[in-house]
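Q: One-letter residues, chain by chain:
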Amino acid sequence: MSEKEIKNLEQIFEARIERDEKIEPKDWMPEKYRQTHIRQISQHAHSEIVGMLPEGNWITRAPSLRRKAALLAKVQDEAGHGLYLYSACETLGVSREELYEQLHSGKAKYSSIFNYPTITWADIGAIGWLVDGAAIINQVPLCNTSFGPYARAMVRVCKEESFHQRQGFEIMLTLCRGTEEQKAMAQDALNRWWWPSLMMLGPTDAASVHTEQSLKWKLKRKTNDELRQQFIDQTVPQADILGITVPDPDLKWNEETGHYDFGEIDWDEFWQVVKGHGPCNKERMKARVDAWENGAWVRDAAMAYAEKQQSKKVAKAS
Amino acid sequence: MKKNWPLWEVFVRSKNGLEHRHFGSLHAADAEMALENARDVYTRRNEGVSIWVVESKYITASNPADNGELFEPAKDKVYRHPTFYNLPDEVKHM
Ligand SMILES: [Fe+2]
Ligand SMILES: [Fe+2]
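Same order as they appear, the protein sequences are chains A and B.
Each position in the first sequence, counted from 1, maps to that position plus 1 in my numbering.
For the second sequence, counting from 1, position 42 maps to 26 in my numbering; every step adds exactly one.
For the record, the hints were derived by calculation from the structure and aren't laboratory data.
Honestly, I wouldn't trust all of these hints.
Below, simulated DSBU-like cross-link-like pairs (lysine-lysine); rule was C-alpha separation at most 30 Å, straight line [stated by the list, open to error]: (1) A:Lys69 to A:Lys219; (2) A:Lys160 to A:Lys23; (3) B:Lys(-13) to A:Lys287; (4) B:Lys41 to A:Lys27; (5) A:Lys223 to A:Lys184; (6) A:Lys184 to A:Lys110; (7) A:Lys23 to B:Lys(-1); (8) B:Lys(-14) to A:Lys253; (9) A:Lys317 to B:Lys(-1); (10) A:Lys219 to A:Lys33; (11) B:Lys(-1) to A:Lys313; (12) A:Lys283 to B:Lys(-14); (13) B:Lys(-14) to A:Lys27; (14) A:Lys309 to B:Lys(-14); (15) B:Lys(-1) to A:Lys309; (16) B:Lys(-13) to A:Lys108.
If the Cβ cut is set under 7 Å, some of the chain A residues that face chain B in the computed set are [to be verified]: (17) Tyr85; (18) Val247; (19) Asp251; (20) Leu252; (21) Ala307.
No experiment lies behind these values; they were computed from the predicted model shown.
In this text, a Cβ means the ideal position worked out from N, Cα and C, and glycines have one as well.
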């Protein structure tokens, strides 16, 4: 194709998105659209999968059967989210194995929040309430994104997320209405998860390299800073209901703007964790790589069994 | 030996009386495993009463580049629609 023809196709393509038409996998698309989507959807999928690890840590130690069943169901949902997203990503012509390889080699990123440890039961409450809460804010606008398979996966994901957040909040509420010690545990979890949750919504608009293009392709409907403000505005009153304190001395309701003002985010910490120096980066990656490598013989055996059954069927038919 | 599990397309009937609808895809070694995985991945909340799985490589899809030739011809056949025919107002129930 000549450069002029490509330019022409690109214009038609951008106009389709402008008109709110969906792009489906076999449609012509600019290479940059394909690559950007592979990167974002796979990053999202990896986050769901790695995100199972900090919570999985508490399944065997959940304080009651009710809590255990809920946590197990939630973690299973996250596995499902990862699978919806991986298969949406594969429609763009990348294989599942390549995607895993990118994660395991460190080439692909995942949400840095999952590199923090879950040291008490209250962390499970805080994750559901704050981390799933921030995820919902990120994900709801994506239900209308331009790439069909991604949008459909997000609709499914969003339907399932709200139970995640509610079960987390319920854990926090129970702790906050419990003994002094339990309430202190909830406060401590909020202290540790608050700032990483704010960081989860991404670098500030000024520092974000992808925002403009992503807005055009509806990979983003709001900027990171808008999403962060929305998260803070909805979460602070919930902390008030719990009776615990958001660890930000500069947090203050601003009558004029109708939003909360908040303190400076430590972006150095964020970039440190993104670059692999968070408290659990190595542990998380090791768990994923081990699961993949130690499971190789099971995958091979299942394949060998399937082939054997198939050839038996063929032999019987002939 | 290194053979990856093939890709399967999953179709789910959400309740009797409705058709199976494409829900997504997944990897599995064989059809039986594909059904079991589809149960876990796509119907954790009573989304279905019946599942079909078919290995993706058996699906033949039309190419959007051929859309003109495939679908344009139907556009100018307005006589396939009831509104094309003029009837006097006195005619009822037609
Ligand atoms: Fe999720
Ligand atoms: Fe979730």
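Q: Now tell me, hint by hint, if it's right for this structure.
A: Checked hints:
1. Between A:Lys69 and A:Lys219 the CA atoms are separated by roughly 38 Å; this puts the pair beyond 30 Å, and the hint is violated.
2. The hinted pair formed by A:Lys160 and A:Lys23 meets the criterion: a straight-line CA distance of about 21 Å does not exceed 30 Å.
3. With a C-alpha separation of about 24 Å, the suggested pairing of B:Lys(-13) with A:Lys287 holds against the 30 Å cut-off.
4. The suggested pairing of B:Lys41 with A:Lys27 holds, with an alpha-carbon distance near 15 Å, which does not exceed 30 Å.
5. The hinted pair formed by A:Lys223 and A:Lys184 fails the criterion: a straight-line CA distance of about 35 Å is larger than 30 Å.
6. In summary, the hint linking A:Lys184 to A:Lys110 is not supported, as the alpha carbons are separated by about 35 Å, beyond the 30 Å threshold.
7. Under the criterion of a C-alpha separation no larger than 30 Å, the hint pairing A:Lys23 with B:Lys(-1) is consistent with the structure, at around 28 Å.
8. Annotation: proposed proximity of B:Lys(-14) to A:Lys253 is violated, straight-line Cα distance about 58 Å (limit 30 Å).
9. The hinted pair formed by A:Lys317 and B:Lys(-1) fails the criterion: a straight-line CA distance of about 36 Å is larger than 30 Å.
10. Between A:Lys219 and A:Lys33 the alpha-carbon distance is near 14 Å, which keeps this suggested pair within the 30 Å criterion.
11. This hinted pair does not check out: B:Lys(-1) and A:Lys313 have alpha carbons roughly 35 Å apart, beyond 30 Å.
12. As the CA atoms of A:Lys283 and B:Lys(-14) are separated by approximately 27 Å, the hinted pair is consistent with the 30 Å bound.
13. Simply put, B:Lys(-14) and A:Lys27 have alpha-carbon atoms about 29 Å apart, close enough for the 30 Å limit, and the pair holds.
14. Distance restraint check for A:Lys309 and B:Lys(-14): the Cα-Cα separation of roughly 16 Å lies within the 30 Å cut-off, and the hinted pair is therefore satisfied.
15. About 35 Å separates the Cα atoms of B:Lys(-1) and A:Lys309, which puts this hinted pair outside 30 Å; it is violated.
16. Between B:Lys(-13) and A:Lys108 the alpha-carbon distance is near 23 Å, which keeps this suggested pair within the 30 Å criterion.
17. For A:Tyr85, the interface hint holds, the least distance from its beta-carbon to any beta-carbon of chain B being 6 Å, beneath 7 Å.
18. Because the closest C-beta pair between A:Val247 and chain B is about 33 Å apart, greater than 7 Å, the hint is violated.
19. A distance limit of 7 Å between C-beta atoms decides the matter here; for A:Asp251 the minimum to chain B is near 42 Å, and the interface restraint is violated.
20. The criterion of a C-beta within 7 Å of any C-beta in chain B is not met by A:Leu252, whose closest approach is roughly 37 Å, and the hint is violated.
21. With its C-beta approaching chain B no nearer than about 4 Å, A:Ala307 sits inside the 7 Å limit, and its interface hint holds.
Checked against the numbered hints given earlier, this structure breaks hints 1, 5, 6, 8, 9, 11, 15, 18, 19, 20; the rest are met.
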